[in-house]
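Enquirer: Each chain is listed here by its residues.
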Amino acid sequence: GAGVSQTPSNKVTEKGKYVELRCDPISGHTALYWYRQSLGQGPEFLIYFQGTGAADDSGLPNDRFFAVRPEGSVSTLKIQRTERGDSAVYLCASSLSGRVTGELFFGEGSRLTVL
Amino acid sequence: GQQVMQIPQYQHVQEGEDFTTYCNSSTTLSNIQWYKQRPGGHPVFLIQLVKSGEVKKQKRLTFQFGEAKKNSSLHITATQTTDVGTYFCAGREYNFNKFYFGSGTKLNVKP
Numbered sequence: 290g291a292g293v294s295q296t297p298s299n300k301v302t303e304k305g306k307y308v309e310l311r312c313d314p315i316s317g318h319t320a321l322y323w324y325r326q327s328l329g330q331g332p333e334f335l336i337y338f339q340g341t342g343a344a345d346d347s348g349l350p351n352d353r354f355f356a357v358r359p360e361g362s363v364s365t366l367k368i369q370r371t372e373r374g375d376s377a378v379y380l381c382a383s384s385l386s387g388r389v390t391g392e393l394f395f396g397e398g399s400r401l402t403v404l
Numbered sequence: 009g010q011q012v013m014q015i016p017q018y019q020h021v022q023e024g025e026d027f028t029t030y031c032n033s034s035t036t037l038s039n040i041q042w043y044k045q046r047p048g049g050h051p052v053f054l055i056q057l058v059k060s061g062e063v064k065k066q067k068r069l070t071f072q073f074g075e076a077k078k079n080s081s082l083h084i085t086a087t088q089t090t091d092v093g094t095y096f097c098a099g100r101e102y103n104f105n106k107f108y109f110g111s112g113t114k115l116n117v118k119p
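Going line by line, the protein sequences match chains A and B.
With my numbering, letter number 21 in the first sequence gets 310, and the count goes up by one each step, no holes.
With my numbering, letter number 50 in the second sequence gets 58, and the count goes up by one each step, no holes.
Some hints could be false.
[To be verified] Once the Cα atoms are required to be at most 20 Å apart in a straight line, the calculated EDC-like pairs of lysine to aspartate or glutamate come out as: (1) Lys44(B) - Glu397(A); (2) Lys64(B) - Asp91(B); (3) Lys306(A) - Asp375(A); (4) Lys300(A) - Asp313(A); (5) Lys114(B) - Glu333(A); (6) Lys65(B) - Glu392(A); (7) Lys44(B) - Glu392(A); (8) Lys64(B) - Glu75(B); (9) Lys118(B) - Glu23(B); (10) Lys78(B) - Glu62(B); (11) Lys304(A) - Asp352(A); (12) Lys118(B) - Asp26(B); (13) Lys118(B) - Asp91(B); (14) Lys367(A) - Glu309(A); (15) Lys65(B) - Glu25(B); (16) Lys59(B) - Glu392(A); (17) Lys64(B) - Glu392(A); (18) Lys59(B) - Glu101(B); (19) Lys44(B) - Asp91(B); (20) Lys44(B) - Glu333(A); (21) Lys367(A) - Asp345(A); (22) Lys367(A) - Glu303(A); (23) Lys78(B) - Glu101(B); (24) Lys114(B) - Glu397(A).
If you are wondering where the hints come from, they were derived from the structure by calculation, not from laboratory data.
With these hints in hand, go ahead and build the complete structure from the sequences.
Expert: See the structure below:
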């Protein structure tokens with residue numbers, strides 16, 4: 290596709306459930322970022338991939354959060370035992386090369402609501 | 009850790025007035041980017057500044073990077089209703105590839 294694609298666009302779940310959010314970056318972009326944005330706030334860094342490996346996962350809030358990018362393209366953010374405080378828009382962004390620090394291309398986001 | 013502060017939080021202007029948002033980092037930055045997010049949308053890249061004291065212009069928008077590379081500003085001349093949205097700065101430290109976003113300045117332009 291032409292841009293970063295995220296699915297689902299909306300996810301409503303109950304407290305304690307498991308959730309997966311998917312990101313399909315722009316073809317050829319080796320760098321992939323996950324951010325979380327709460328209402329009225331700026332995007333909060335979660336994790337950064339360069340290729341298949343998580344180069345920096347220092348933003349993951351706790352061990353309930355995990356992300357993978359097994360083939361260096363599509364990434365999945367996994368949240369276990371969801372809590373109400375996890376409710377936010379989860380944004381994925383890709384970049385041509387993380388080292389060159391080019392612009393970040395964001396997807397439309399996945400809005401997660403935990404009841 | 010690095011913190012990026014942005015002021016003001018909100019700005020309401022009459023169409024045709026100027027607008028400025030300021031970004032301050034607790035640490036020296038390698039580079040800084042600016043993004044615009046329309047209501048209900050996602051952040052869209054505007055520009056990147058790399059050099060100390062750098063000034064870049066895009067039509068009515070002027071971006072500055074401070075001499076110490078710890079602060080930056082975005083100035084819009086003669087705002088238009090199409091400028092409505094939230095403007096974010098995003099700073100990157102040396103030797104790191106992640107960007108820390110400011111809390112944003114929400115601009116409302118009254119016609």
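Enquirer: Evaluate each hint against the coordinates.
Expert: To see whether the hints hold, each was checked on the structure:
1. Lys44(B) - Glu397(A): Distance ~13 Å between Lys44(B) and Glu397(A) Cα, so the pair holds.
2. Lys64(B) - Asp91(B): Distance of about 18 Å is within 20 Å: holds.
3. Lys306(A) - Asp375(A): holds, 11 Å
4. Lys300(A) - Asp313(A): Holds: Lys300(A) and Asp313(A) sit about 17 Å apart, inside 20 Å.
5. Lys114(B) - Glu333(A): Status holds; Cα separation ~17 Å.
6. Lys65(B) - Glu392(A): holds, 17 Å
7. Lys44(B) - Glu392(A): holds, 13 Å
8. Lys64(B) - Glu75(B): holds, 14 Å
9. Lys118(B) - Glu23(B): Holds. Lys118(B) to Glu23(B) sits at ~6 Å (cutoff 20 Å).
10. Lys78(B) - Glu62(B): holds, 12 Å
11. Lys304(A) - Asp352(A): OK: Lys304(A) and Asp352(A) at ~16 Å, within 20 Å.
12. Lys118(B) - Asp26(B): Answer holds: Lys118(B) to Asp26(B) is near 12 Å, not above 20 Å.
13. Lys118(B) - Asp91(B): holds, 11 Å
14. Lys367(A) - Glu309(A): holds, 5 Å
15. Lys65(B) - Glu25(B): holds, 18 Å
16. Lys59(B) - Glu392(A): With Cα atoms ~16 Å apart, Lys59(B) and Glu392(A) stay inside 20 Å; holds.
17. Lys64(B) - Glu392(A): holds, 16 Å
18. Lys59(B) - Glu101(B): holds, 13 Å
19. Lys44(B) - Asp91(B): The given pair, whose Cα atoms are some 9 Å apart, holds under the 20 Å limit.
20. Lys44(B) - Glu333(A): Status holds; Cα separation ~16 Å.
21. Lys367(A) - Asp345(A): holds, 16 Å
22. Lys367(A) - Glu303(A): Between Lys367(A) and Glu303(A) the Cα gap is close to 15 Å, so the pair holds against 20 Å.
23. Lys78(B) - Glu101(B): Holds. Lys78(B) to Glu101(B) sits at ~10 Å (cutoff 20 Å).
24. Lys114(B) - Glu397(A): holds, 19 Å
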